[in-house]
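Q: These protein sequences, in sequence, are chains L and P.
FYI, our numbering numbers position 622 of the first sequence as 622, with every residue one higher than the one before it.
FYI, our numbering numbers position 199 of the second sequence as 199, with every residue one higher than the one before it.
Calculated from the structure, these hints are not laboratory results.
It is possible that some hints are incorrect.
What the hints assert, rightly or not - Result set (DSSO-like, lysine-lysine): computed pairs, CA atoms no more than 27 angstroms apart in a straight line:
hint: 1; chain 1: P; residue 1: Lys-55; chain 2: L; residue 2: Lys-769
hint: 2; chain 1: L; residue 1: Lys-720; chain 2: P; residue 2: Lys-10
hint: 3; chain 1: L; residue 1: Lys-597; chain 2: L; residue 2: Lys-139
hint: 4; chain 1: L; residue 1: Lys-770; chain 2: P; residue 2: Lys-10
hint: 5; chain 1: L; residue 1: Lys-756; chain 2: P; residue 2: Lys-10
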Amino acid sequence: MWALLNIPQNWPMHLKIAAILVQPKYIRLYKFRVKRLFEEYRVTRLSALILPIFFYFISCFIKFRAVKKSTAKRRFYQLYPQLKPNQLSFFDPLRFIIQSLYLLLSKPNSESDFWHKLSYFLRKAWVKIRLFDRFIIQKSTKIWPVNSNPHNHTLINSIWRFHSFRWLTYLLISVVLFVFISVPFTISAQAAFMGLILLVAYPMRKVPGQLATIIMITLSLISSSRYLWWRFNETLGWQDWQSTLLGTGLIIAESYAWLVLLLGYFQTINPLKRAPVALPDNPDLWPSVDVYIPTYNEPLSVVKPTTLAALSLDWPQDKLNVYILDDGCRESFKEFADSVGAGYIIRDQHIHAKAGNMNHAMQHTKGEYIAIFDCDHIPARSFLQLTMGQFLKDKKVCLVQTPHHFFSADPFEKNLKNHTKVPNENMLFYGLIQDGNDMWNATFFCGSCAVLKREALESIGGFAFDTVTEDAHTALRMQRQGYKTTYINIPQAAGLATDSLSAHVGQRIRWARGMAQIFRIDNPLLGKGLQWRQRLCYLNAMLHFLSGIPRIIFLTAPLALIFFNAYIIHAEFLAIMLYVIPTLMQIKITNSRIQGKYRYSFWGEVYESVLAWYILKPTTVALFNPSKGKFNVTEKGGLNNNEFYDWNISTPSFVLFSINLVGFIIATFRLFFEDPQTIGVLLISMAWTAYNLVILGAAIAVAAEAKQIRASHRVQANIKGNIRLKNGHTLQCTVTDYSDKSVGLEVVDLIDHTVKPTDEIDLLLMAGKKQAVFTTKVVNRRDNQLGLLLTDMPVERQKEFVLATFARADAWIGWQKQFQHDRPSFSFKQIRHASWRGVNNMLFHAPVIAKPFVNLLIMGGEFIYSLLPKQPKQEPKNEYF
Amino acid sequence: MQRVFLIGTKGGTGTSSVTANLARCLADAAEPTLVVELNAQNQLARHFAIPWLAKTGWQNANDLHTLQNCFYQTQSGIQVLPYGKSNQSKVLTAKEVVDGLNQFELTPNTWVLFDITSTDFSTLSLNSTDIVLEVANCDAINHSLLYQKFTVDKFECSAQYYVLVNKFNSHSDVESDIFTLWQHQLTHLSPVFIHADEAIKVAVTHANQAVALYPANSCRADFERLCGWLSSLQTQMNKSEG
Numbered sequence: 001m002w003a004l005l006n007i008p009q010n011w012p013m014h015l016k017i018a019a020i021l022v023q024p025k026y027i028r029l030y031k032f033r034v035k036r037l038f039e040e041y042r043v044t045r046l047s048a049l050i051l052p053i054f055f056y057f058i059s060c061f062i063k064f065r066a067v068k069k070s071t072a073k074r075r076f077y078q079l080y081p082q083l084k085p086n087q088l089s090f091f092d093p094l095r096f097i098i099q100s101l102y103l104l105l106s107k108p109n110s111e112s113d114f115w116h117k118l119s120y121f122l123r124k125a126w127v128k129i130r131l132f133d134r135f136i137i138q139k140s141t142k143i144w145p146v147n148s149n150p151h152n153h154t155l156i157n158s159i160w161r162f163h164s165f166r167w168l169t170y171l172l173i174s175v176v177l178f179v180f181i182s183v184p185f186t187i188s189a190q191a192a193f194m195g196l197i198l199l200v201a202y203p204m205r206k207v208p209g210q211l212a213t214i215i216m217i218t219l220s221l222i223s224s225s226r227y228l229w230w231r232f233n234e235t236l237g238w239q240d241w242q243s244t245l246l247g248t249g250l251i252i253a254e255s256y257a258w259l260v261l262l263l264g265y266f267q268t269i270n271p272l273k274r275a276p277v278a279l280p281d282n283p284d285l286w287p288s289v290d291v292y293i294p295t296y297n298e299p300l301s302v303v304k305p306t307t308l309a310a311l312s313l314d315w316p317q318d319k320l321n322v323y324i325l326d327d328g329c330r331e332s333f334k335e336f337a338d339s340v341g342a343g344y345i346i347r348d349q350h351i352h353a354k355a356g357n358m359n360h361a362m363q364h365t366k367g368e369y370i371a372i373f374d375c376d377h378i379p380a381r382s383f384l385q386l387t388m389g390q391f392l393k394d395k396k397v398c399l400v401q402t403p404h405h406f407f408s409a410d411p412f413e414k415n416l417k418n419h420t421k422v423p424n425e426n427m428l429f430y431g432l433i434q435d436g437n438d439m440w441n442a443t444f445f446c447g448s449c450a451v452l453k454r455e456a457l458e459s460i461g462g463f464a465f466d467t468v469t470e471d472a473h474t475a476l477r478m479q480r481q482g483y484k485t486t487y488i489n490i491p492q493a494a495g496l497a498t499d500s501l502s503a504h505v506g507q508r509i510r511w512a513r514g515m516a517q518i519f520r521i522d523n524p525l526l527g528k529g530l531q532w533r534q535r536l537c538y539l540n541a542m543l544h545f546l547s548g549i550p551r552i553i554f555l556t557a558p559l560a561l562i563f564f565n566a567y568i569i570h571a572e573f574l575a576i577m578l579y580v581i582p583t584l585m586q587i588k589i590t591n592s593r594i595q596g597k598y599r600y601s602f603w604g605e606v607y608e609s610v611l612a613w614y615i616l617k618p619t620t621v622a623l624f625n626p627s628k629g630k631f632n633v634t635e636k637g638g639l640n641n642n643e644f645y646d647w648n649i650s651t652p653s654f655v656l657f658s659i660n661l662v663g664f665i666i667a668t669f670r671l672f673f674e675d676p677q678t679i680g681v682l683l684i685s686m687a688w689t690a691y692n693l694v695i696l697g698a699a700i701a702v703a704a705e706a707k708q709i710r711a712s713h714r715v716q717a718n719i720k721g722n723i724r725l726k727n728g729h730t731l732q733c734t735v736t737d738y739s740d741k742s743v744g745l746e747v748v749d750l751i752d753h754t755v756k757p758t759d760e761i762d763l764l765l766m767a768g769k770k771q772a773v774f775t776t777k778v779v780n781r782r783d784n785q786l787g788l789l790l791t792d793m794p795v796e797r798q799k800e801f802v803l804a805t806f807a808r809a810d811a812w813i814g815w816q817k818q819f820q821h822d823r824p825s826f827s828f829k830q831i832r833h834a835s836w837r838g839v840n841n842m843l844f845h846a847p848v849i850a851k852p853f854v855n856l857l858i859m860g861g862e863f864i865y866s867l868l869p870k871q872p873k874q875e876p877k878n879e880y881f
Numbered sequence: 001m002q003r004v005f006l007i008g009t010k011g012g013t014g015t016s017s018v019t020a021n022l023a024r025c026l027a028d029a030a031e032p033t034l035v036v037e038l039n040a041q042n043q044l045a046r047h048f049a050i051p052w053l054a055k056t057g058w059q060n061a062n063d064l065h066t067l068q069n070c071f072y073q074t075q076s077g078i079q080v081l082p083y084g085k086s087n088q089s090k091v092l093t094a095k096e097v098v099d100g101l102n103q104f105e106l107t108p109n110t111w112v113l114f115d116i117t118s119t120d121f122s123t124l125s126l127n128s129t130d131i132v133l134e135v136a137n138c139d140a141i142n143h144s145l146l147y148q149k150f151t152v153d154k155f156e157c158s159a160q161y162y163v164l165v166n167k168f169n170s171h172s173d174v175e176s177d178i179f180t181l182w183q184h185q186l187t188h189l190s191p192v193f194i195h196a197d198e199a200i201k202v203a204v205t206h207a208n209q210a211v212a213l214y215p216a217n218s219c220r221a222d223f224e225r226l227c228g229w230l231s232s233l234q235t236q237m238n239k240s241e242g
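Looking at chain P on its own, in the form it has when it is part of the complex (with noise of 0.2 angstroms):
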């Protein structure tokens, strides 16, 4: 099982769309995926087509037991496991839920995305083959961010740690310049980004995905690319250890 993190610089750069896409793409060829939601907002569920009066997810489960009762999935054949709400006491935590998920007898090899916010992800502990996706936008805020992050703080993490661009628009000369800075300063760069791209605010409303429902556009190639890439990084690290 391979674990990717997902988590956005800020609120807003798109990390559940991200999540979903990069979810679709995975599953489309074929590797068994499951989608985890541990974002309080509770809107994934809008990505998948899950009804919007359905309000199970992991917060409904007492324990680990009854947590396999918590899963979606899609025609797609992915597996989603929601945030849920629910009004009982809560028993589950997000460690225990993402620590929780190697008890369960997955399929081998799934790709295991959490959707997560940076205040649970400094909780979890990582292994060294855990790939954590951080979703950037190219503006100052961000910039100002992951300078403060990475310069300043001198982040170090133990797992595969990239910083993803996300929405990118070289026709605003501010994000082509604060990109080409990070092409040269930021060490954790992916070497993918990610298109601004109408197709992936449409495919919401859609309740779908954009790889899914606009093959033609970049979007689509974007993730393709995206998911190229990490299984590229899953085999290196895989012979770093074997």
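Here chain L stands alone, though its shape is the one from the complex (with noise of 0.2 angstroms):
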């Protein structure tokens, strides 16, 4: 029967069937297309039905062969963006309509001009606002009194030593400054006066030399102060106990922060920068130093470089004695001490540990002097040389303190990928907190890379053991008896950073923990024998790490009034504006102008944020029972071999993102249905949110661990060498990096010989004057790069590599010198860079149970993304026709 029909015997039931109605050949036809459709542009089943006859349908109407088909297809993907050739979907329909709607309802092209325009206009603006910056600061620079030294002025220095005189105008100065601060502004008159001091401070902020620093911190300290006499005056009618609640957190944390950035003004305002002093040529006049290394639980191969640089200081060999203080009591740590002329000291009693163990190697050490550097911080030959001066010239000065450099990269600049490229969370520290603080003579001892006086030692007792910052407590007690403390501000020992996030966190909580104790136990402010500026200087340090509670209280203020709408600050909406944005930004542009090259603008936030939670709950407990809570070691030198998201770790600064974004969410969603009174408030608790939220970004990002393969660190470098091939050819080459074990170099040309893996060279470095020979095998070679691994190295050899690498005297010269200043915006930008690195890192990461939430989230995005219409492409312009 089917034959008859002309219907083919084999096919299926349903489409015999069909073949009834509709001709065989065109049923054959749209099988295929449908097959096509599915197999070939992957659409799916149903849309594969169902195409064909739109297709046809539209046929009815179109004439699809007089079209060019080509031409049309291309315009129509340019029209259409959202829709992909061959990958058809389901909803293509829709998109195309709501595209199309798009594109008969705006004028795709009159608006891109006017974008275009608006740009253009806006690029030109900030041209013009940019030049006129350059011209002012040109102008003001010509204009300031550089030069002019104070001390000059006979006349001003006569008067200057009358104390009347000196007291008349320390209070005209409180007085003209209390007026500033307090004296109520109308809301215009505020944004005048704010307006004058940006004026002043902006230009002022590349201004060289230190009188337009203290003008700008003057400014900054009225604006600020004045912003908190508002707050404190006129802000605090709460209307409800929430507001109530929230709000006094809120004003105690700004309160904080103001005492913080005061004290802090205070301590950097005029960093001494202190040379160091010669030695006597006569080196019979130099005094005996006892070098002491304590190390507790870290592998031999840590110790060694440290050792063997010790022993090679440049001093004189009787006058230098180096003390490996094993609190392990390891057997091959005696051996290695034996063998390489080091002492070797250990105690029955492992008592108040790394204080204890140095107080036990007093006993039985004689050096009049004591330096002490951490098992893993290498010194450079000329410490000594570079530090001793300070004592021989000043009979009190019982500490020189340099600072800790590291080679490796510390958490935030492994994770966030930015070492050498953006100043560490060390560097504000040691480049210019110390410095200010040698001004006051307040630096702090940091237990490394310092030598001390044994006499002041004594009077104190030995080490403070009190507290789990032996360091700083020893310090403040040494200070107490009237000794000064100076730093040297050149970096004359490395060592390894901290490596893992976690690692660095526990090092922070125990010197918060510390110095909270030290807080509770021998209070700075309290007690005799220090003087005010010390004082200051102390308080600074401990206010410092107690920024937990005050720290959460800024990432999550703005949510009272999405969440609760409590009105956490009663002011109106303009009034808010105009204390709260240029106070900020004065601050802003001060902090940038005197941390500028050591703390780029936004990061402290970021080091802040992740610690915020973790030192919250020892300063707090330390607070309340100093006794409480033991010396953590912290580890160093440890691997990652894989790369992991460190979910532990970034709960805290997870949880604070994600009722951030909850908070942005709701609020964008209460814009809409919100009376136009609050609104102006709710956009600034979002734009607060959304700020918190890039923060807290980069904080998450840091907890993606990355992959640390290499068990020694590769040290950057530019050290000029040979090498002598086994063929008698000596080549210059210059060292790129090196470890304790191996050296990178590269060569300028290779091609006369024949280098290859396995193959012995000699490598020809300058440990100071003398040539030293080391015997290498070649591990790789990449054009004119070699890679070597030192071979055959008796103890002798292994000093003389110390000595040509990592104690090089010029070796961590400088580090401070490459970078730039500060850029906030730039700086701004590398955040949000970071921040968004770190979500997307978080989502990867995501643990198996979270994944299809995630996964969900991801392509619910994607998919509504999809769906919205697109600026058309355009047509690619070919200069050629």
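The task is to assemble the complex, starting from two chains supplied on their own in separate frames and drawing on the hints.
A: Right, dumping it as structure tokens:
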């Protein structure tokens, strides 16, 4: 029967039935189309069935053959960028309709013209502003009397000697400041006042000289104090208990921030930048020095280079004794110490951790001075030459501290991948704050890379062991005895940074706890022997570690309005704008000027946000019960075999991020339903939340632990040397990186010679005045770059190698100079990128349980995005036609 | 004109190769350079690709006038005056040649390098602006000779006198130790030394200088450093004079 109707026998039944109604050849055609759409265009089965019918329907109105297909197709996909050729989906008709409506309703060409013009004008205006800014800076730099020295004015000097005049001046300044701070202004007057302050401060930010800094600090002091005055006097009229509670929290946090800001200004107003003092020409007059290298559980490979470098310090050999203070009592350490000629001291009772260890060693050694290196800080050979002069110049000096420099990336640098691009967390302290402290004779002892006077230590009964930060406490006690502490900002030792975020956080917890303990046990504000300046410096150091609660308050404050409708700042929208924004801007500009080379804008917030939650508990506990908590050793030099995301450590940031995100979304919805009066305040809250999200995103990004493959860290270098090949040719080379076992170097040209892996070659490097030879084996070669592994290294060679690399006097000299001055907008951009990466990373590393939700979220987001109308693509212009 | 005399502590310390390479290094720095061989071995030509059969040198000149015809010029711009070989009865002495060069119209600031034996050297009269480089190797015989010369005989020289260590191989403990000893005791030791390098030997077989043939080798860097040091010496002397 089927044959009669011309229908193929082998067709399935439903097709046969359909073929009764439609001619079989059309059915075959339809079948082919569906198959092609399904298999080649990968559309769903349903769309494959529907689309051909749709096309047949369209073909009733358009003569397909008359249209030039390829052009039409191209034009179509340009107009509908969300539709992808070869990848049709079921919702494409919907996208088509949305985009068609969009194209019909908007006039793409005229609109794009408008935007072009607008962006052009904006850019033009921006360039003009920048030019004007530069012009003002140049003018003000010229006008400013950079070289005028106030000490030259004899008249002022002679008047200044009178106490009464001096006090009168101070009184006058205070009264003027008080008036500026406390006089209530109307909103327009406040606008004019802040505008004026910014107008003076902004061009001054690039004027060289200390006087400009002091003026900027004074202006910042006025505006910030004025802000706080306003907050206390006019904005505390809370309406309900929620806003009272949350508002109190905010005002306390703000007062804390204000206090820390002022103390910070005080601390860094005039960094001393102390220069080394030359030693007497006759080495017989130089004092004897003991070098202590305390260790507890670190491997020998870490302690080895430090000991060898300490033994080769430039100092008369009969006056230099190196001791390894091994609290782990390991036999291998004793053997090593004997073989290199270092002392080895252990004790029976392991009490009071590092301080106890060093106190014990003090009973067994006799040097007049004690240099201390953590076992992973390799000293440069010039360490004693640069530091000891201070002691001989001033008998009251009890401590010379040098910066801690780290040649490996700390967890922030490693995980955010900005090593050597952004000054690290340490830099602010060692580059600026310690130099500032030195001005006020309040340099802190940092536990390593420092020389102490035995006499001073004995006068306070040895290293302080009551707290977990024995170093800061020891310095404080010596200062109470009237000794001076000094700081030389030349890195003369380098070590490994902590290498995972959790270890880093652990170390900071210890510092925070220790500082809080000192605050309770031996409060620097009270007690004898300190000057008020020193007290302020110590106070700031301790307050810094109490930043946990305020930071969390700042990270959640805007949510009060969004979630609870609590008006925690009782003021008008305009007043808030006029007080908050100019003040913040001014503080940022001032800090950027002072700290610019050592800490880029906004990074401080990121560092604090990571730590906030963790230092909150130990500081609070230690404040109430100072004897609790024990000394934990910071682990260093570990390996991460795999990339992983440290969910444990990032939980607080993650929680804060989530509630901020939820808050932001809720606020967005509230915008549509709120009465217009609150919209202004809501917008401020949203902006603040957005800022918090960026900062927290960066804090989250740090928790994605990067892989760390090499067991020993490679130090970037640029040392000239030579290599001698087997055939006798000696080539000049540049050592580009090194570790304790290997060297990477670059030669100018290797064309004339065959060097291949496993070849043995000699490496010639200058170790001081002597040329040292190291037997090495080639590990890899890429063009002119060679990787060498050191072989056959007796102790004498190892010593020479350390001298030629880690312990060079200039090894760490350039570390502060490699950074440009801060540019706040650029810095914020970097943080935004880090933040975005952090969020991506978090989603990527989501735990298995959360994976489906995350995937759903991503897919949903992508789907909604794909539905949105888009600007049509431009026809690519071909200039050859 | 800056005169530099190169003498060996003993034979075989590599005086002529140091002369050739130093000359090339100076010439490459666009300094006018003249090399004069006052050594009867007459082998300096080997470094400068002067044909083996060409025997012309200052020995062939009867007087200063004919001496003008005895110079060679290499492609790299070095003027070379070899020792030469002739059967005629000798007319000029080393001293006459050295002094006679003063009367020549040389390009201003020409570096004139003399490869000279110590016997001839003792006949010369030097100014305080002349530089003398005694090329030595770090071994016991050299040490003995230098010790005899400077410590026992209290050798004095009116010119700037320096000992230049050549073929230094720090892999050998003896050399390394002697070098350290010299650094401490030998006041005339130059701050620059030349590494032992196969390239210097190989370059002669190509009738070329190692600094040009193997620019990647350390000899290049060493000689560049030597040039730099010499010119800084010259500047200092000019300063102290002016």
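Q: Hint by hint, where does the structure go against what was stated? Just the numbers, ascending.
A: 1, 2, 5
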